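Number of protein chains: 2
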Amino acid sequence: MVLIVHRPKESQVSASILRRHISHSFFFQTAQAVLTSQLKPHQEKPNFIIKVPKGTRDLSPQQMVVREKILEKIIGCFKRHGARGLDTPAFELTETLTEKYEDTFGLMYDLKDQGGELLSLRYDLTVPFARYLAMNKLKKMKRYQVGKVWRRESPALVQGRYREFCQCDFDIAGEFDPMIPDAECLKIMCEILSGLQLGDFLIKVNDRRIVDGIFAVCGVPEDRFRTICSSMDKLDKMSWEDVRHEMVAEKGLAPEVADGIGEYAQCHGGISLIEELSKDPRLSQSQLALQGLGDLKLLFEYLTLFGIAEKISFDLSLARGLDYYTGVIYEAVLLQSPGQAGKEALNVGSVAAGGRYDGLVAQFDPKGHRVPCVGLSIGVERIFCLVEQKMKASGEKVRTTETQVFVATPQQNFLRERLKLIAELWDAGIKAEMLYKNNPKLLTQLHYCEKTDIPLMVIIGEQEQREGVIKLRSVASREEVIINRESLVAEIQKRLS
Amino acid sequence: MVLIVHRPKESQVSASILRRHISHSFFFQTAQAVLTSQLKPHQEKPNFIIKVPKGTRDLSPQQMVVREKILEKIIGCFKRHGARGLDTPAFELTETLTEKYEDTFGLMYDLKDQGGELLSLRYDLTVPFARYLAMNKLKKMKRYQVGKVWRRESPALVQGRYREFCQCDFDIAGEFDPMIPDAECLKIMCEILSGLQLGDFLIKVNDRRIVDGIFAVCGVPEDRFRTICSSMDKLDKMSWEDVRHEMVAEKGLAPEVADGIGEYAQCHGGISLIEELSKDPRLSQSQLALQGLGDLKLLFEYLTLFGIAEKISFDLSLARGLDYYTGVIYEAVLLQSPGQAGKEALNVGSVAAGGRYDGLVAQFDPKGHRVPCVGLSIGVERIFCLVEQKMKASGEKVRTTETQVFVATPQQNFLRERLKLIAELWDAGIKAEMLYKNNPKLLTQLHYCEKTDIPLMVIIGEQEQREGVIKLRSVASREEVIINRESLVAEIQKRLS
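These protein sequence lines map, in sequence, to chains A and B.
Position 98, counted from 1, in the first sequence is what numbering that gives the first Met the number 0 calls 97; the numbers after and before it change by one each time, with no gaps.
Position 207, counted from 1, in the second sequence is what numbering that gives the first Met the number 0 calls 206; the numbers after and before it change by one each time, with no gaps.
Because the hints were derived from the structure by calculation, they are not lab data.
Because the structure is a prediction, the values reported are computed rather than measured.
Do not rely on the hints blindly, as some may be mistaken.
Pairs involving identical chains hold if they fit within one copy or between any two copies, as the list cannot separate such chains.
Said to hold, decoys possible - Straight-line C-alpha distance at most 30 Å; calculated DSS-like pairs for lysine-lysine:
(1) Lys430 / Lys139
(2) Lys389 / Lys233
(3) Lys139 / Lys470
(4) Lys366 / Lys138
(5) Lys50 / Lys111
(6) Lys278 / Lys72
(7) Lys450 / Lys396
(8) Lys147 / Lys68
(9) Lys250 / Lys396
(10) Lys78 / Lys470
(11) Lys366 / Lys391
(12) Lys366 / Lys296
(13) Lys236 / Lys250
(14) Lys138 / Lys450
(15) Lys78 / Lys436
(16) Lys450 / Lys136
(17) Lys50 / Lys78
(18) Lys391 / Lys470
(19) Lys136 / Lys50
(20) Lys111 / Lys450
(21) Lys136 / Lys233
(22) Lys111 / Lys440
Take these sequences, add in the hints, and give me the full structure.
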């Protein structure tokens, strides 16, 4: 389905004719007339649509301020935990990515084969990180990365779902004692979600080994593990009855097998549930499930020491989509504050997730050397939507510039003096603006300061120039003082500090 | 030319068999054994090459620190001049970009047609900005944007030329009095290049109208303007003799026409050259050239008021590649400090450039409304290479983490106490790390602090726990003090402030 209406070849031709026409008339036309005539080709292509690609968006200055505040908090937390920065290219060899995404081929943006390598836009920041570790033969690294990733999903633009979106990843690679890095990842998620003040949240935790153990002991055929897993993953959006129906009617699972899964999948709780399941006669048949349960028990102990155990729920319905997870998995959901007591808090969706992937780096290493990893990814788009909504609701005003001083004049012919003054301020590191007009009106200049919340105004006019002084005005209080021309920078710096 | 050796289909099949094998053995194998067996498929594809795409690179944590320092200075300057942030998608509708790049088709990365819109990666940040202005019907805006752009150039990796690279753009859109925004753009380039301490630099300035005026009065056929312009643009890398040879022998220009251009193109100077050319009997035949000269005269006056005139050279050889420029153009080059007096400073290449493009926004506007623009683009990759070289030469050490405190123990079985302690530090906003080991050796912990330049160490052992105290050690001085367990956070905050 091609959405663009193609511009006819003729318009390119006519543009080129036009250019020739422009040069031909050099001696007879003014520049202005030439520039006006350049508009002509556009009236010839009424079908040209100005838009951004489907599923993408621009961020306006207002939105950039919000975005940067969110990123600052997230990156601040990553640095608090000793992470180093990393950047990788926006695209990778297609082979690097497809290796990992056998099931999600359709979601990748491939680049056109223009001769050379076959390339695709990255789908997440985890695979490039694993590739980086293997390529540089690194055996351990604690890194963060903030960057855009791209997925060709059907975009539902309402709830912060885009085809281009920003992820903030923190990962710990290396062979360490069990569950210590895993616990830190959950601590980081708690710190970030608390810090962003998004309201109450809950982190669901499970373990891939427990998920697979349940499938195995319930009798799911091994070639159905992934598809049943993806049905189970819908339990946060659908009731068990609907999920069961999908498993049985659509995916052909025997009803008693589905019911077996259902018994487990609907369980959630804390340490006591872990203890209970460890003694479960059926599940304890699976060595892997027992290992998962053992690790989760240790994890909960550490989470209690970190003071965040009450934010964590061991949730057997959590499955996570990506294939590369091998151990603990987790997903943070925001809870709308319950309207009334007794009414269940409403889940408004996942904002952060991650888990342990001990086999991924080895897949890139020619000798298959293992580098166990655990990490998390913050979904900035969702958080951004919520913060933006909150700000709109509260009527909070966002300043999109940081300008501290405005250079104004009430008189004509003071451009040169303003230029000299503003250069002095810039050179002193002061954030300053002026209007790009030879003779702006004072009222226009005052309005600009008020509209953009510039706190200070420097005013120079005939009288000030004659007396070697400057008028300094506080925009909010409208209070004005006269200061010596030479002490201007020092005076402003004093007021701004 | 396809560089990737394709992995045989068999390995996917064997991976899937392997997965089945893993599930089949759930009850009999330990997780460890399963994870080890997962390495198997890799030994079957010896031709799989781990690399980043041609012309791209990862930025290591060391490089990220340098990169972030550079960006911080650049963005700081943009904000000092009152610019607002903007972000646009990495790709645009191909039609949005090709409209502008009729001559550079071959350099764009197109996305594969996977059904839907035809898309290409952005080539610069100027066209997306113009598209943004037209799409939102904005008549004025002062914005900055920092982001990656992509060009399929033959990469010469030695001098900081990549296919994926970061640009920092500042632009002023709107109808203003002549040359005031243009002068500010040049001021910004000076502030950034001075601030980054890259050594001496020079900004070459010219005007598209003067370039075209020269071609016209010298008798260049109009359909040769662009190709002759691109030859002229090589004057910073080639001698006039070589450029002349290209014009005459390769591009078929009459020798006397080339000589005419040469007379102008080799001129550079300041205000006096502007005055001289305004009176030049030949060039003054071109109205456009005269307008360009008039504007440049005003520009130089403003640059003098800004105190940067000595950094600017009116250089008639400057032509700039991109088609969209309509007025003043400029390009900053770094000058290697001359080895001896009298020896000409060596040009190490362009690090920033820009100009006026008054017709671009109108090309996106359905009604062809004009929004004049002027702006600049800083080439971060080049600057990055130079700063990196300088740092290597000086042996300057870069810290890649910001960790302030390390939590250590000299004894066994203190993991739980360390976890409680470090969570307390994190919750107080202190940047803290510990080793992910149950029982690390004290020496290993000390080494880690020294290697990563962590200034403070918190030590907890049996004695400290018994007495309700903590040992606080300054890593550099090795000085140790005993403090109360409860006053730990306060004491650390005091020392860090």
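Flag every earlier hint the structure violates by its number, smallest first. 6, 9, 11, 12, 18, 20, 21 and 22
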